[in-house]
Every structure is written in C-alpha cells, then in structure tokens.
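Peer 1: Spelled out, the chains give:
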Amino acid sequence: MTNHWNDIANADCMIAIGSNPVENHPAASGWITAAKERGAKLISVDPRFTRTSAIADIYCKMRSGTDVAFIGGIIKYVLDEMDQYPEKYNMVYVTEYTNASFLINPDFEGPADLDGLFSGYDPAKRSYDKSSWQYQSPEEDGTPKWDKSLKDPNCVFQHLKKHFARYDVDTVCKITGSPKDTYLEICKTYAATGAPGKTGTILYAMGTTQHTNGTQMIRSYAMLQLLLGNIGVAGGGINALRGESNVQGSTDHCLLCHILPGYLKQPTNKDETLEKLLERVTPKSGDPKSANWWQHYPKYMVSLLKAWYGDAATKGNEFGYQYLPKTTKPYNDYSWIGLFEEMYAGTIKGLMCWGQNPAVCGPNVKMERKAIENLDWLVAVDLWETETAAIWKRPGVDPSTIGVEVFLLPAAASYEKEGSITNSGRWAQWRYKAIEPPGQAKEDLWIINKLVLKLQELYARESGPNAEAITKLTWDYGDSPSADKVAREINGYNLTTGKLAASFGKLKDDGTTSSGNWLYCASYTEAGNMMARRDPSPGAFNIGLHPKWAWCWPVNRRIIYNRASVDLDGVPWDKEHPVIWWRNGKWDGDVPDGGWPPMALDPEKTKYPFIMKPEGHARIFGMGRADGPFPEHYEPWESPVDNLLSGTQNDPAFKIWGSEMDLKGDRDRYPIVCTTYRLTEHWQAGQMTRNLPWIVELMPEMFVELSQELAAEKGIVNGGRVIVETARGKVEGVALVTARFKPFQINGQTVHQVGLPWHWGYTGSSTGDSANMLTPHVGDANTMIPEFKAFLCDVRRA
Amino acid sequence: MKLTRRQFLKAGTAGVGGFTVFHTLGWRSSPGTSHKASALKNKISETTTICPYDASGCGFIAAVEADGMLKIEGDPDHPINRGAACAKGASLAQLHQVDGKINPRRLQNPLYRPPGGRDWEVLSWDEAIDRIARRIKDTRDNNWTASDGEGYVVNRTEGIASVGGAALDNEECYLLVKALRALGLVYVEHQARI
Amino acid sequence: MAKAILYDATKCVACRGCQVVCKQWNELKAEFTENRGSYENPKDLSPETWIKMEFREIPRNGSVAWLFTRRACMHCTDAGCVTACPTGAVYHHDLGFVAYDKGKCTGCGYCVDFCPFEVPQLDGSRVTGLGRIDKCTFCTTHGLDRIGNGLEPACVKTCPPGALIYGDRGELVAEGNKRVAALGGNATLYGENELDGLHVLYVLTDSPETYGLPKDPKVSAAATAWKDIIQPLGWAAGGLVAGGLLINLIVARARQIRAEEEK
Amino acid sequence: MQEVERYKLSTRVLHWIVAASFLVLAITGLFLFAPWFSAAAWWGWSGVAHRVAAAIFVLVPVLFVLFGNWSRSMGFVKEAFAWGKDDVEWFKAAPDYYFGGDPSRMPPQGHINTGQKLYWLTVLVASAILLATGVIMWFFKGIVTAEVIQWSIFLHSLAFIGLGVFFLVHFQLSALHPRMPESLGSMIWGKVSAKYAQSHHGKWYDRTSADQEAQEA
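Taken in sequence, the protein lines are chains A, B, C and D. So in my numbering, the last one in the first sequence is 806, and the numbering has no gaps at all. So in my numbering, the last one in the second sequence is 206, and the numbering has no gaps at all. So in my numbering, the last one in the third sequence is 277, and the numbering has no gaps at all. So in my numbering, the last one in the fourth sequence is 356, and the numbering has no gaps at all.
The set of hints was computed from the structure by calculation and includes no laboratory data. Some hints could be false.
[Said to hold, decoys possible] Cβ-Cβ distance ranges computed for the label pairs, FRET-style:
id	chain 1	residue 1	chain 2	residue 2	range
1	D	ASP345	C	ARG267	54 to 64 Å
2	C	GLU185	D	VAL264	50 to 60 Å
3	B	GLN120	A	LYS738	33 to 43 Å
No residue lacks a Cβ here, since even glycine has one placed at the ideal position from N, Cα and C.
Using the sequences and the accompanying hints, generate a full structural model.
Peer 2: Shown next, in the form of structure tokens:
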C-alpha cells in the first residue's frame, strides 16, 4: 500500500477492484465504513457480487481478466473530460509530477498502430526490444525534454490519448460484460476525484496480480490515479491489500528469487564483481532536481554484506560479495512456476517449506504435487500436518511408491513467540509471546538457528564448495536466538561507534556501517525498538497517521510519495486532509519524501517528488515493463472470446512452459470462465483455519458458486454436488447456486462464470478438493505471478 | 475470581459511538511502554499480539490463566482494528487450544517419514537437525554449480529450493534469507509470488 | 437505565466475528455443520450457538442485494420466555435485557415454546426431554459477566464495521431513528415498539419480513395465562383446599373425641 | 370380627402403582409452581422422571384394562358416571358428617360414596386432558403450531390443578380423617370390618351380604 488502512477513511471514493476487502480484510475494512460514514462512495467491481459489493454504493460486474479494458475506459473518459473541462482536474499535478509531458523516442509505436503490439516485438523470443520506448535524450543541463503544454505528439500525454482512444465505453462493456449505465456511473463518480482536493483510492489484491498481464492491470490503476492526482495524498494511493500477516515483511526481506533484503537485486552471472553489479543497478540522473534515491544503492548493498559477513567482509574481498550465488537464467525462470517446473524435471532434489503448503496453494497442483513427489527429501516446518508434508498420503496414491523422505518440524504459532511483522500498510509491529508452544514445537527462529549452526559445524569440519560462504557467515545468536538481537541487526549499526544506525541516510558504502535491510533502518534505534511503540494518538493534521504507533518503512513515512500531496508552493491540495504542509520554512505533518523545499519556492534546492525514479516523475509511460509501456487489453491465456481490440489475443511477453502437464484448455471443450478466491472464514491453503473447530463450523465444506442461469442449464440444484473440470483436473464441491453470479454478455455472446474458494485439501479437520487442481501453470509477463483468476472450465452435476 | 479476571479484555474505547472516525473521537494517549502491561491478578498474563492471518495488522490481547486457559480478543487501543475481530481473528485462541486443551491437530514433535514409508515416526530435535543438515550439505555439495555454461563464476546450487516466509516474523525471514543465500540457493520463493 | 444493542444491517458485512467471539467468551463448543448451499451456518441457534448471521439474496434495482441479519435473543420487554418461565430462571436484568440463571432452570422448555422469535433452543433428546437450553445472556452469565464489569458485550466489541453499538436504549432508539430517516425509502427501525420494546434494535433497509423478522411479534396469551392464571390459581386452589382440610381435620377430630367422651 | 373384602388384589396393585406414578408426576410438575424447588429439578432429570411416571400412569391402567377383566374394568368406569338421588342427599349431609357430625344422617352409600365418585370422575377427566396435552407437548413439538403447544401447556397445568387439589382431599379422607379409620387399610389389605362396611357403604354392604347369603344358601 502506498497509503495504509486508517488512511482509507480520508477517501472521497474507493474502488475495490481485483480485491474483496470486506471478506478478506474484514477488520481493517472498518475504515471503508468510516469513509462511507463521511459520505464517501464505495465502488465494487467484481465478477461476483461479494460481501464487499453488499455494502457498496455501486456494484459493477466485470468478467475476470478484463481489468485493463475496464480501467482503460475510465482513463479515456478522464482524458476526454480533460480536453473539455481541464478545470475539473489537477493539471498541475499531471504536468509537474508525472512524466506526461516527457517526449518519447519518435520511433515508438503502440497497439493502435501495430494491432495490439508495441514497437520492438520479437515473436520468437516472446519479448520486446525496448529501445524505442525511451525518453528523448535530455537537454544539456540534464533537464528532460518535455512539453509542459502536453501538445507535442511525441509527449507521453498525447501517446496516452492515442493509446486509449480505442477504449470507448461500448467497446469496453462488450469486453468486460459490464452494464453500460453502471459503468458510466463509475466513470463519472471516480473521475470526480480528479478535482484538486478530492481523493480516490484503488484497493486491489490478488484479483489483479494473478493474471498473465496482472502487472499491466496494476499499472492501469496507477496511471488512472496519477491522472486524477490521487497518489501521495491522504485517502488516495494505489493500495495492494496483501493477504498474509507478514507477506509485506517477507517481501521486504526478499525471500524471492530475484531480490535481496531491501529490494536489492540478486546478482546475475554477469555481475562478476561488486563494482560491476553496482555499476549496473545504480541509476544515474543528470538532472540536478532529481533526488534519484537509488543512487545510494552501493551504501545499502555494502551495509547488507557487512551485516552478513561482518569482519570477514572487507574492501579487499568486495565485502564478501563473492560468497553470494549468482543466477544465469532470466530471473523469472527461478520464480515459483519455474521452480516447480525444475522440480518436476528432477533438477531440484530437496525442498524446504517454511509455513507454506505448495500442494494446495500452487498453480496446477496436480503437476506440482507430482513435482514434490519427485524430490529426494522435503523439510516442512509448520503448525500442522500440511498436504505438502503428507504428499505420500494423498488420495489415490500408494505411499510405498513415493520415495520422498519427509521431515515435518513442529513450529510455534504467532503468539507462541516474539518478533515483528509488517502489515499491508508497511507498519512493522512487534508482538510478544503469550504462551509456550505445545510439546516440542519451536520458533522458526530457533529451527533456522539450529540448522545453520549444524551446517557451520559440518562445513568447518568437512569443508565443501564455497564453504567460507557458510563458515564466515556472521551467526552469533547463541543457542536460542532472540528476535530482539536480530531486529537490531536488521536495523544496522555504525560499526565505528557500535551504536545502532539512526536511519538509512547514515549508511555508508565503505564498510563502516551494517544494515541487514536498509528499508528497516530506523526501526530499532538507540531510542529503542520503534516497532514496539504503542501510542495511538492520530498525529499531525488528524488524518490518522498514528506516527507513534509501531513503525513504518521507509523512515516512518506513513504515506509515500507524499510530496505530491502539495502544490508547487508546498500547500496541500486538500487542506482538510493535509499529509504534509510547508510552513515557516519547514514541512509539517508526515515524514516528507525528502525534506527539500517546495518546487516553486526554492528552484535551486528543490527536488521532484517521485524520488525513487531517476527522472523524479511518476511514470504514466512505464518503459521498464516487459510487455509494453502502456497497459493494453489482452485476453487471459484461456478465454472464451477473441480479443475485441486487436489481433493479439494474449499478453505477448509471458513465458509459456512446456511440460506434459502444462495443459491448456480450449473454449469448445471448456466454455465457462472460472475463478478462485478466498473467504472471510478461511485463510490461504486452509491449514490455519480448517483445523479450528469454530471456523470449520462456519464454512465446513468446499463449494462452487454458480449462477441460477447456469444451474438451470446444467440441471444443478442448490446444495447438490457439482464437478468443475479444466484441462488440468477436476474438483467436486457443494453447488451454491446464487443470484450473485450473473452470466455476461460479451460482444453478443453469453458467457458464464463460476467461482471456487481455494482453501481445501486432503489433510486437517475439514477436507475437500483443492481448487488449484484446475488452475494453469502460466504467469504474469513481468512478475511470473501465476494466473489463478481467469481460466476455462466446464461444470456438471456430480 | 472469575468475575474480575475478565477485565483484562478492556472495553472498547469507542463506546456508543462505536466505529466513529478518528476525527471526532479524540484518541486518549497511552504510555508508550504499555505493551506487556497490567496483569490484573497474579494468575493472569496479558500480552499484546498481532493477528497472523491477513495483512491488516490488527492488534489482539492474549490472556492466559494459571490453568492455561487462553482467550484472545481484539486490542481496543489498536488504531487499525480498535478492538474488533473478524471470524478468523476471533478464533485465534484455537490455534493453540480447543475447549481448554491443546488443539489436537497441532504438531508437537518432529516427525519423519522414510522413503516409501506408510506412517510418521517421532524424532528428537537433535536427530532431526542432524539428519536435515546432512541432507542439505550432501545435496548442496553434489549439485554445486561453480561456474555456468557461459563461463561465469556463479557459486550456486540448484539442487535445493526453499519456499515460504509470509507466515514468519521479520526476524525469521531475515535469518532465513541470510542462511539460504549463504548456502548458495537461487530457488528461493514464497507466498508473495503467488 | 435500560441498555440495548443497536444492529445496523446497512453496515454489517457478515464477517461473523460476533458468532465466534460469542463462542469464545461464553466457552461454547463448535457444532458439526454442512454446507447447505449457503454461506450460513450453523443451521439454527442452539445451546452452543447463541448468535448467528443470516444471509438473504433478494432482487434489487435490476441487480441483487445480499442482506445480512443478526439472529440472537431480542431481549424483549414483553418477553414470552420471562413470562412463561415458571421458576424465574429467565428474568429481566436490571438493565432491561433478558438474562438467564442456569441454576434455576428446571429444563421445562417453556421458554423454547413461548418465544415469538424461536430463539432459545433445546438441544437434546425429544424422548427424554433431557438436554440443554441456552441462549444469549447479554454477556451476563455468572462468572462470565462483561456487563457487570463495565464491558460491552463481546459481539459488540468485536464488530469490525461498527454495525453493533451498545448503549442506553433511549439513545440508541434516537440514533436508530436518525439513521432510518437518513436512509429513507422502506427503511425501518425494528424493535422500538415491538413487544413493548426490544433490547436489540435493528436498522433495516427494508421491511422486517424481508429480513426474516416477524412483522408484529406477539407473546401468546397462553404464556400470560400460565403466569397470571395457572400459577396463582394453583396456589390459591391448593392453599384453600389445604387450609380447609386442616380445619376439617381439627374440627372432625374434636367433635369425634367429644362424641366419644359423651358416650 | 367379621371382615368383608373390599378391594381385590389386582385393584390394590393398580391403585398403588397409579398413586406412586401420580406422586412422582405431581412433585416433578410442582417444581414449575415452586421456583425455589428448581434446584431439585436436577438439570432436567425431573423431566425424565415426569415422563417415565407419565408412561406408567397411562400404560399400567391401560394394560390392566386390556389384559384384565373387561366387564369389571368397565364397571369401574361406569361407577364414575352412575349418579342418582342418593348423591344429592349425600351432598346435603356430607359437610356435617365430615366435620364430625351425626353419622346417622348420612344416606347409605354404594361401593364408593358420592365424594369418592366425584374424585374418581375428576381423575378420569383430568387424566384424559393430561394425557392428550402431555402427548402433544412430548411428541408433537415442531409438528403442531406453537399455539397448540402453548395452550396444551395451559390445559395440562389447569388439569393438574384440578386433580392435585382433589387429590389432597382424597388423601386426607382416606388416610387421615377420623371418620375413615379403615379406608387406608382397605386399600392395603383389601378388607374392612363388616361394621365399617355397613356404616360407610351401607348399600354396598347390604348388596354384598345379600349376595353372600344367597351363595351360602
């Protein structure tokens, strides 16, 4: 989230799209109610009428996977209005804070010219040469080439208009299946937040990310928000409502193939030396007004290496850089889908699962279960006997034929240990141990520590390849590590004074500071554990920042990009809900995104507000993406219809894998759209709820939701049993026939959609079929996040 | 005495206004150090915690009695949930305890299933750690890539993968990533991808 | 001063935190349930389930509306259960709501029979009549008394969207009427006058029947008859006859003795 | 002293079974009238006792009727409905008599006197009501409407009051009253003295002694 939960209350309008906050974040959704009490409108966009829709002011159905078309139509509506009524919009914001005015390489062409593709596409590689997607070279003084009147045909704004000109309301509704009048009402309602001082927020989640073009969907949200001046302001932002208690923290600490703690890049084979790596990844800007925050990259990287290798990390040995593994393949090949493809192929021999249950949660689990079966050994650390650990017990297999050796280690639950977790709003909060774990169960911290100590012992005794990477690793946590000590290490130290580092601004690239994660630098200072603070006062301007409650990254900034919340004089666009305010020569309010003075007041010292981009401006034109600088509507990999907008049916840049279990269904055999989702009552792969009697009572069984129309067609009765089948597999569940699902009219064709919760599996108190038996093994072109949300199925009575 | 021992789960600060927006509420400030505060009776421990389900970050208070009885309710001082709890949050105590006893589904010992085995065997921690460390070392060393096909030094193993972390604390995630990268793992993934 | 709960159906999102937190606070067990083609479960209230959320789909404005309703004890002023309860086990708490003292319960089940909302449920054998009867006590169960300790009921505290408010009934009636007026249309405040005033008030967007609530609930005359006729009549008749018999015995004996003496 | 058989063994057995079950029913039912007894309800076990006793109270007489002497059983039932002029006389004389007045003014009575007949009638009618409403309350919950259950509860209670009150009278007159010294014994041993029979149930005594004489002759 660019903003945070409490801040939703400041919004004038909220769109929940690709998310179902009321069901999946029920308690924090109280802030949606709070906004509604102030008169804010809630818009729910979902293929299925949910509990969020139930309290929404406007509900609009939308076929799964058509977000780019849906938002593209709103963007077109806004752009058209900007022509006619620019006074209704914050044109200063668009011109000064975004790259709308930047001039693009004249060679650039887009889908309007190239039948759905951008210039530079290589169909054989399914990838783009992005050289035409660049800004024109800057002026000599470093100032970008731009046209602040937004009229130059090569400027981003004009490209944008051309791009979205095709997304008229009729076309959009033919693609999405939304009712036109409702859709227009949404355009009108949400566009109203473009007025200076009005704010709208977009709340999204896995309904957006889990598509082959999910990243572009999110970009369409971000672009809409930038056009409406809704980023950086209170009650605005684009807010990813994250699904696990610490998925934000685990992402920040980068338990991901492509990054190291603090979103530093995982080195590739060509980053042969630390210097080469830093050269590649540290962005440069010739523009004196650009803060270009990532220029500090070397400080963060060296401090990380110092935290990991301590005294063994010296200038002479590149601070231990060579101890780190390097990758060869494109990074996405190491990500989830690629990982399981390799496991299926037999490359991966051993797997450790830390509170994760791939046999239920992975895409195409029929294939991924088979892959797990191929392992030599598996270590599962969990509270429960997960489906993954019990892979050899799964229905239809003979345990004696399954060779994988399994270690199942009992872990402590959240309140049986101490430590911090980071919520969706980036608040890192400390929690305490309330009770001893049952029996021999132990904290994961204890388990990791024991394992590493044992491995250090083994490598010290027996050595092995790159053994020093292990033996030299700073590992001084004793027999039973304290979370407190680790939290200090994450924050980092000034190694000269031995004091905790005050903030990442103090980190250095010369080896005199350490920080396990620069983003968390300032979370634990000499003043104490900031994450454990419990002062609930709302803080400056009474907009619910709660600056003294726990701690949030970066540097306790509660709303990021907040320097875009003020005009060029430092005065808030919305004086009722100011985030920061330049008064008496300083910023009041939230921790500003850099303390430089406002742009109009001190042109010498000022910096652009979007400090994380080398150009200092938010990117409406995003040249970093794999599949185009603008979002373009493509159909899901499996779709019941042809792409109405172009001859390019699918996102052209996502990777298609080729194992014999990576099957694709065709629309003749599988004509119905299928989607998966979560319930209020259950959580993720289900072990954490399917073993709690009170929860099982509420939602005892796997079910399938379908429309009354489809049920009538197929002779399915409410409460009966139904089978859903895709090219990959089939599942059975209770039929929940509901008026909350309605067939879509897609370009004159009736398209049905069904939905299933994905919480069930074959172990635990409540068992049932896993919806992921159905899902395909393809993922997003940029992130490789799997397509869980739109695929094709058929439905019949069991 | 049962009557008073219930007081730990404090009344909502919001009162009749219920879920009033902070603009009108006027938060009372509480001391910054009150995290482990106010055991009302010596038989009670009272601890603040954060919900382990979705990423709202709701605050809870866990209260344990001398006989081990556990109850967990929303923390009324917490700015996000203000004492509230959804069905999952309200069930938190059952992660540990069902009807006053340890949840029978909880794992309480390291378990081992040999290749082809039909059942779990109980292991001691020492045995489990020894054996797992041995598997990791053997697999790592036997599947070591010192340099890749393009001639670059890469020092990695593709023989081992690790998944998971969103259910762990930050400190655990950090130690885990530190250990995994030191071991040379490149197949490191977790819930954030899916 | 009477207290009450205001339930605002326009805010409720049916997260069912109330259902679970009620079980935690009152130490109630989970029930075995099945999916019956609905999100709703358990099937009905029981001694182990004192509150449950009901889900209803109705057509509205060409689309659908998903209505959520709280089903639990209404804490009536004119309460069939209190009237019918022969032993006073079910009684009106000083704060107006209907509390329940399990120690006085004989298990007769009249509260089950006389509740116009069919709230108390007997869970047990129909043949023996043995089993438990239980219902919402407004969190005043002995040993688990929140109200007496100055806390709000567990369900109110847990409600994330603030669809439940606890407070003085008079104030809540005013608040409810304000909300209903703001909603307009068919919006109703249920419970202001029903059964002389319920201590659970409902802000509804539509008629009570749409939400499955009886339009004009009444306590059966039979309940009143029991308390007002049967019990007094029983004691009067019993007392009179017993008294008469005693006098008869004394007189008869005295006269008989005299007669014998005379003989 | 000469004795007359007043009650056959089977009659006495039936009486005491019914009496015992009635006592259980009455006491367990009485808890509902006496809140301070509620603890004695034993968390509903009193309800079980009530049901068991009810079954005995109903089934045992039915079995007696079914497997016993049909005409004799019907004779008992008919007795309750056989009313005549003597009964009016009895009502006139009874108050004084039962308060210890001159016994000679009592008209002669049959096997059971008018008062006993009235009680017997009450037993039959009230039992029928109790039976019907009891069955509804026990077995028909959820089948009939709540109203029917509710009014069944009312009638059941009403019938109990009638029967219970009369039972007190019955108890006093048969067990405590100085005028009825042999009444209790007769239901235990089955016999009364001829003198007692003559004075209390003259018509019956005359008829039975006439029968006896006829047999002897």
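Peer 1: Taking the Cβ atom of ASP345/D and the Cβ atom of ARG267/C, is their distance within the range 54 to 64 Å?
Peer 2: 29 Å, violated
Peer 1: Falls inside 50 to 60 Å, the C-beta gap from GLU185/C to VAL264/D?
Peer 2: 55 Å, holds
Peer 1: Hint says 33 to 43 Å; check whether the CB-CB distance for GLN120/B and LYS738/A agrees.
Peer 2: 36 Å, holds
The structure is inconsistent with hint 1 alone, although it conforms to all the rest.
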